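Using the hints provided, position chain P relative to the given structure of chain B.
If you're matching them up, the sequences are chains B and P in order. The first sequence begins at 1 in our numbering and counts up one residue at a time. The second sequence begins at 236 in our numbering and counts up one residue at a time.
These are calculated hints, taken from the structure and not from any lab test. Given the structure is predicted, the values throughout are model-derived calculations rather than measurements. Virtual Cβ for every residue (Gly too), placed ideally from N, Cα, C. Certain hints may be false.
Claimed, not checked - To spell it out: a stretch of chain B is covered by chain P in this simulated footprint if at least three of its residues, at any positions, have a beta carbon under 8 Å from a beta carbon of chain P; those stretches are: (1) 39-50; (2) 60-70; (3) 131-140.
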Amino acid sequence: MARPLEFYSEPLPGVDPSELQGKLIVIEGPDAVGRSTQIARLRGWLQQKGHAVMDTGMARSALAAKGIRQAKQGNTLGPLTMTLFYTTDFADQLENQIIPALRAGFVVLTDRYFFSIMARGTARGADPKWIEQVVANIALVPHAVYYLRAEVPDLVSRVLIGRGAFDYWESGMDMRFGKDMYESFVHYQGRILRALDRMAKQYGFQVIDAGRPPDRIFLELQAGISRLFAGSSPA
Amino acid sequence: MVEGIDGSGKSTQISVLSQWLRAQGLGVVFSEWNSSDLVRETTRRGKKKEMFTPTTFSLIHATDFADRMERNILPPLKAGAVVCADRYAYTAFARDVARGVSRRWVRNLYSFAVRPNLCFYFRVPIDVALGRILGGRDALKYYEAGMDLELSRNVEESFRIFQGRIIEEYEAMVSEMGFQVIDATGTIEEQQAEMRRVVIEKLGGSLKNQVLRLRTEDANGATA
Chain B
1 MARPLEFYSE PLPGVDPSEL QGKLIVIEGP DAVGRSTQIA RLRGWLQQKG HAVMDTGMAR
61 SALAAKGIRQ AKQGNTLGPL TMTLFYTTDF ADQLENQIIP ALRAGFVVLT DRYFFSIMAR
121 GTARGADPKW IEQVVANIAL VPHAVYYLRA EVPDLVSRVL IGRGAFDYWE SGMDMRFGKD
181 MYESFVHYQG RILRALDRMA KQYGFQVIDA GRPPDRIFLE LQAGISRLFA GSSPA
Chain P
236 MVEGIDGSGK STQISVLSQW LRAQGLGVVF SEWNSSDLVR ETTRRGKKKE MFTPTTFSLI
296 HATDFADRME RNILPPLKAG AVVCADRYAY TAFARDVARG VSRRWVRNLY SFAVRPNLCF
356 YFRVPIDVAL GRILGGRDAL KYYEAGMDLE LSRNVEESFR IFQGRIIEEY EAMVSEMGFQ
416 VIDATGTIEE QQAEMRRVVI EKLGGSLKNQ VLRLRTEDAN GATA
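Just chain B, with the same shape it has in the complex (with noise of 0.2 Å):
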């Protein structure tokens, strides 16, 4: 059985961790992993064993995400907007999506946590106590954190086999990281990645080696998941 989830700090207002039935896990893991491929996957399989699924991921709220999304058209969203523009994106979902899912006993898969925010915070400059304690301060502690982690050159070439070019962003060309968009997403993602082994340490995660075929991940993913359900699984 799962333990009952908890806040990292104090509960938001109006909140009783103690009513959150559901379940909450979190994919987390650098660009072009392929946690979305997972994710679908995942979810697929969960409502097969008859569990209702919310499925969420960074960028996506109600209130933020087209506000970001116009941000990230323009040359002047700075590391301190976007750390804080991400946030409340990140709070809107968690007050107003997972929270509720979780109170109705969902099993919320969530593509990215804060963990990635801290982590292109922390790439770009950004004192990573400080957004700890803005982010990690509202969160909810997950049932399980699977990081996916690939080495940069399997992300460049997942990149390239995918879409075929760099995103500006996925490069962390605002901050001019290497000559090209190459260069600097290769120093970029470098970034992320130590940013991200770092908190594995701290927050507990499971690493999963994503280097390896698809279905080999999904195998891990499923037993992993298993566990947090035995004993309590309709199927």
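Here is chain P on its own, set in the frame of chain B:
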């Protein structure tokens, strides 16, 4: 920068003050609370659809402030300009805490804000503020009146309770943050003269000498 509840007259005063500073030949940049182009549309959507919780209300205003800090406040300060701000992080310290957000959390949230050289706090009784707001425009706004907190179904009553809480938070910060208190029940001219006097006294030495030399005629000019 200036702080105070809605209807305290601070915006009028800081606008006149910034004109005066500009007339002294200083580079002056004006930055208003909740005015970032990048964030405006999100704030508007949240207010219009009443989507905000105390936490997201606090965060979107911090995002707005961060954008102005990164673009409109820090670079001009580095270049030697005087930045006049209509509301600053203290607005969040007072208002978000009045909405039930953790005091420690919101103070940490704004720890990237540079400490201002001078903070004016406009002290005003709620009834005076309410009279000014109602005289100037039609209705009290939903969040300004704290209607999201369900303190009262009556908008005026809710405004009174909510702004009363904000005043308590401001008053507690007066000595902690070293606010210069302005009696906001005085005439516009009296308040302006007092502000100019304080600016010259506290900042005269660090600004261009002109400001110091203009001291007498200007303070008198404002009261005349």
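Against the structure, the hints come out as follows:
no.: 1; hint: 39-50; verdict: violated (count 0)
no.: 2; hint: 60-70; verdict: holds (count 6)
no.: 3; hint: 131-140; verdict: holds (count 4)
Hint 1 from the list above is the single one not met by this structure.
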